[in-house]
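J.: Chains as they are written, first to last, in our numbering: chain E, 1 to 499; chain A, 1 to 490; chain P, 1 to 103.
Derived from the structure by calculation, the hints contain no laboratory data.
This one's a predicted model, so the numbers in the text were calculated from it and none came from an experiment.
Among the hints, erroneous ones may be present.
[Unchecked claim] According to the in silico footprint, chain E covers these stretches of chain A (three or more CB under 8 angstroms from chain E):
| # | region |
| --- | --- |
| 1 | 89-102 |
| 2 | 187-201 |
| 3 | 233-245 |
| 4 | 329-343 |
| 5 | 354-365 |
[Unchecked claim] Chain E is nowhere near these chain P residues, computed Cβ spacing over 12 angstroms in every case:
| # | residue |
| --- | --- |
| 6 | Asp20 |
| 7 | Gly29 |
| 8 | Gln43 |
| 9 | Leu44 |
| 10 | Val47 |
| 11 | Ile52 |
Where is the CB? At the ideal position from N, CA and C, for every residue including glycine.
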Amino acid sequence: MSSTESAWETVIGLEVHAQLATRSKIFSSAPVAFGQPPNSLVNDVCAGLPGALPVLNREAVALALRAGLALGCSIQRVSVFARKNYFYPDLPKGYQISQFEQPICLGGAIPYELDGEQHSLRLTRIHMEEDAGKSTHTAAGPYSAIDLNRAGTPLVEIVSEPELHSAEHAAACFRELRSILVALGVNDGNMAEGSLRCDANVSVRRRGDTTLGTKVEIKNLNSFKFLRDAIRAESQRQIDVLERGGALVQETRLWHEVERRTVPMRTKEGSADYRYFPDPDLPPLIIEEGWIATVRANLPELPGAQRARLQQQHGLSAYDATVLVALEGAVPVFDGAVAAGAPPKGVANLLSGIVAASINEGRLRWDAAASAFVPVAAGPAPSSGRVDGPRLGELAGLLHDGVISSNAARDVLDRMLASDASPRRIVDEAGLQQLSDTDALDAIIREVIASMPDAATSYRSGNRKVLALFIGRVMKSSSGRANPGLVQERLRALLAETE
Amino acid sequence: MPDQLSRLAAAVRTGATTSRSLVERALAREASARALNAVTSVTAAEALATADAIDAAARAGAPLGPLAGVPLLVKDNICTTDGVTTCASRMLPGYRSPFDAEAVRRLRQAGAVIVGKANMDEFAMGSTGETSAAGPCGNPWSAAHVPGGSSSGSAAAVAAGIVPASLGSDTGGSVRQPAAFCGVVGVKPTYGTVSRRGLVAYGSSLDQIGPLATSVADAALLLSVIAGHDAGDATSAAQPTPDYLGGLTAGVQGLRVGVPRALLASGVEPAVLAEVERAAAILEEAGARVVDVALPHAPVAAPAYYILATAEASSNLSRFDGVRYGHRTGDAADIDELYARSRAEGFGPEVIQRILLGTYVLSAGYYDAYYRKAQQVRTLIIDDYRAVFAACDVLLTPPSPSTAFRTGDASRDPLQMYLADIFTVSANLAGIPAMSLPMGLDGQGLPTAVQLSARAFREPVLFQAAAELERRRGALPSAPGYTLFDGADA
Amino acid sequence: MAIETRTVHAVATLARIDLDRLDPARVQGMVEQLSRVIGWVEQLSSVDTSDIEPTAHPVDLAMRLRDDVAVPGPGADVILRNAPHSDGSSFLVPQVVEEDTDA
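Hey, can you work out the whole structure from these sequences and the hints?
T.: Now the structure itself:
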């Protein structure tokens with residue numbers, strides 16, 4: 001950080017739009033789905049046809065409640081939907097149904113961790129609203145094409161207080177929020193598809209000032225990297241302007257990844273007078289205590305609590321706990337494995353190692369309904385080849401007991417994806433047991449030593465580096481099954497023997 | 001006062017008549033009354049096909065609904081899948097709705113045959129029938145007078161015998177006032193009684209679809225078909241629909257009838273006031289007790305109404321932007337030009353004025369002074385009615401300070417038009433049911449009427465009182481040169 | 001005047017109605033009438049509404065919720081049926097000079 005920068009403080013607030021994981025839209029029964037042919041998920045309500053009326057989706061409210069309760073918000077017993085009036089081609093009615101003066105949630109906070117320290121970002125409110133459609137350029141001429149498939153998708157808008165002070169904190173906080181929403185089943189976390197979008201309000205002020213500077217909103221940052229980079233760039237831009245004696249304009253900007261800077265966005269509404277008023281088509285939303293209590297009672301364990309439990313109950317390191325919690329499906333599988341008696345650290349290593357690698361390679365995926373990892377190739381609902389807690393636990397046990405070496409674990413896992421046989425059986429049938437029998441090993445080693453007389457001489461005259469050659473040859477001779485630790489030990493012993 | 005609807009439906013069910021013959025009669029009446037311009041579009045082929053299917057079902061002895069085979073018109077702001085829905089505007093020429101309004105669906109389910117759409121003031125904004133893009137609608141009683149509005153065609157067509165009944169919509173009096181000007185019965189039900197799904201919205205917290213017919217019994221029957229909860233309308237009332245027909249002959253013994261004497265002391269035409277007095281006397285003779293009641297906030301109801309209705313309308317009409325349907329301007333360099341030109345070209349002046357007023361009262365800095373204030377006045381009016389209906393069972397007033405206005409009155413003051421809504425808008429603000437009942441004719445031969453209203457969801461007592469008044473009033477002539485649909489007197 | 005011509009034009013811009021497409025005399029008449037109507041509705045300010053709650057819905061209704069069941073739409077062809085300009089799958093409008101909202 002330059003000395004100039006330290007004279008300035010950046011102030012950041014986040015506004016996150018998260019699509020709620022419902023089957024149908026917030027105010028109509030049209031389906032919610034991504035990547036479908038244009039206007040195929042649209043009915044009269046989504047299209048804003050004359051005479052169409054909105055009816056609120058119960059599940060959307062339930063998910064909003066879940067998010068609000070998990071984030072410690074105060075749920076408002078009475079909330080009101082209001083019309084936000086403006087003209088834009090992706091907004092079919094000429095107004096968006098949102099919430100204005102009386103949102104469903106007030107307050108709350110996002111707990112997050114950065115560099116080993118716990119932090120908390122206070123929230124202002126959470127409200128429900130409908131998403132707009134999409135306008136895209138078309139090659140057919142100087143036109144924009146309007147697709148209303150996304151119009152009416154349920155959203156919650158999560159608004160934070162302007163209390164973040166660095167791009168790193170913003171990214172860490174947003175990352176944790178995403179994790180929480182995914183764990184809750186409220187949002188699918190898919191930023192690439194636009195189901196989770198983050199806007200950042202950025203301003204700067206001289207360190208020590210208490211008033212806020214001119215705020216710039218950066219819209220639609222759909223990756224953690226863009227969020228971090230955009231905030232840094234915008235913060236620096238504002239500082240540069242102010243240090244030159246210029247003035248900042250309160251505006252909306254976009255992050256231009258290629259040019260690595262923020263650019264002004266043409267405003268949607270000339271002078272943004274949204275003329276909010278309560279939507280006369282929707283009576284007030286009353287949330288009864290009983291509903292709140294039920295949702296609260298059914299909240300799943302949140303990522304922060306999971307990390308704490310993995311460390312305190314199972315002795316995992318903070319790093320391991322973080323990796324597991326961030327890997328979808330890892331915690332339930334871990335819990336299942338440990339409950340079946342497997343060694344915690346061993347299970348954790350498998351999950352963060354070969355399981356994560358297989359997922360990255362696209363060969364394995366998490367199936368929440370099955371509560372297991374399932375092979376990708378086998379199609380939508382494979383009934384065989386599942387890797388659930390107990391099965392993975394057995395693999396961890398085999399490793400822990402030295403039945404197989406860590407080299408073999410990957411092979412065993414791959415075979416587990418193609419079969420329902422127990423890992424033990426797979427190892428036996430494939431002959432993958434680690435060779436740990438000293439006599440058998442010694443026999444191989446003596447053979448290898450005899451076949452490499454020059455290397456043996458080199459070793460005995462002090463060149464320890466050639467040990468690697470012997471190890472390699474022994475592993476090859478044993479088809480990789482020789483216990484690596486024992487091989488080293490016995491090689492040294494036998495090489496010394498014939499000295 | 002024949003109950004045309006049930007008798008016609010019964011005749012179709014028994015085979016005494018055919019739906020086809022009824023529909024053909026409606027089509028013929030429409031053609032011969034073309035000069036009235038009460039109808040904006042006719043769906044003859046679809047109507048005849050439906051009629052034939054109903055006749056076949058009748059012959060086969062299949063069960064048929066309470067409106068079996070009866071031809072009706074619906075106002076052109078009520079969506080129908082056959083034909084077009086234009087709201088009498090150049091903004092929606094030829095618009096084909098992919099769905100039927102819920103009220104239309106229920107009509108069809110009851111066996112009714114929709115033969116076409118009734119003319120109206122553009123987007124339901126008006127009280128004369130003169131702002132229609134399809135040309136002004138006439139009043140069968142006098143070529144020199146307007147039929148009223150905005151459900152002009154719905155009222156005129158019934159009075160001219162084109163159809164036995166119709167549906168209109170009422171936001172500030174748009175069923176009751178034209179019904180009064182045309183000498184037919186018109187009902188605005190309690191807010192939430194009839195689904196608004198498929199009614200092109202004007203003032204969403206005020207709008208209700210309502211029946212127009214030639215008798216209280218017919219209006220009650222038609223309402224009973226379209227009323228009831230609709231899960232597709234979040235403002236639809238959950239209450240079970242009461243029996244509207246059972247109490248029609250119960251009489252008014254012991255009923256308390258409220259008359260707001262102070263409110264009627266000035267500004268009401270003598271002929272209109274005389275009808276209120278006559279109605280009160282009739283009801284008293286029939287055993288009711290007439291009491292004086294007060295509506296202290298009635299004088300500010302119309303300004304409150306115009307703020308709320310236009311505010312809601314300004315938002316409801318934003319969807320008419322030339323993008324997905326409706327008129328689109330021929331030349332536009334960018335999207336904002338497309339919006340602004342399409343809307344300026346498509347909307348008529350009264351609609352533009354109301355959109356501007358509504359936008360203004362919602363705009364930053366004015367919301368509290370106008371919109372919020374009007375909502376507070378709305379509360380005061382609701383409170384007024386609460387007190388009134390503690391003191392009486394039905395309220396008796398004129399529907400309008402005068403009988404039908406003269407046509408094309410260039411010197412007519414638009415503000416006077418708004419003021420003339422004084423007796424009707426309060427029922428929309430409070431959500432209570434109200435109806436017009438024709439009483440006779442004034443010195444010019446124009447229909448006179450009274451308005452009855454009741455507490456929310458108390459339509460049965462409303463119909464009960466109106467039916468007694470109707471019975472004792474006796475038969476009324478039909479408009480000169482016209483006969484009612486089934487030839488009988490009103 | 002309860003409202004100035006300038007304000008009426010600003011409101012018309014908010015409402016996306018191009019008054020220049022109308023006959024100037026008519027626009028002038030509109031401004032005058034609007035002014036009179038606004039002057040008329042202003043009488044509400046004299047009504048004592050202290051401690052009075054605003055009413056948004058005339059009849060006391062509670063929000064009724066809908067089950068989360070997806071029902072397929074009628075299809076793009078029906079949705080586009082009344083479109084003034086489409087390419088068969090999307091509505092077309094003059095190009096919106098803006099970053100794509102496809103973010």
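J.: Each hint should be assessed against the structure and marked as holding or not.
T.: Outcome of the hint check:
no., hint, in the structure
1, 89-102, "holds (count 6)"
2, 187-201, "holds (count 6)"
3, 233-245, "holds (count 3)"
4, 329-343, "holds (count 3)"
5, 354-365, "holds (count 4)"
6, Asp20, "16 angstroms, holds"
7, Gly29, "25 angstroms, holds"
8, Gln43, "21 angstroms, holds"
9, Leu44, "16 angstroms, holds"
10, Val47, "20 angstroms, holds"
11, Ile52, "16 angstroms, holds"
Consistency with the previously given hints is maintained throughout, with no hint failing.
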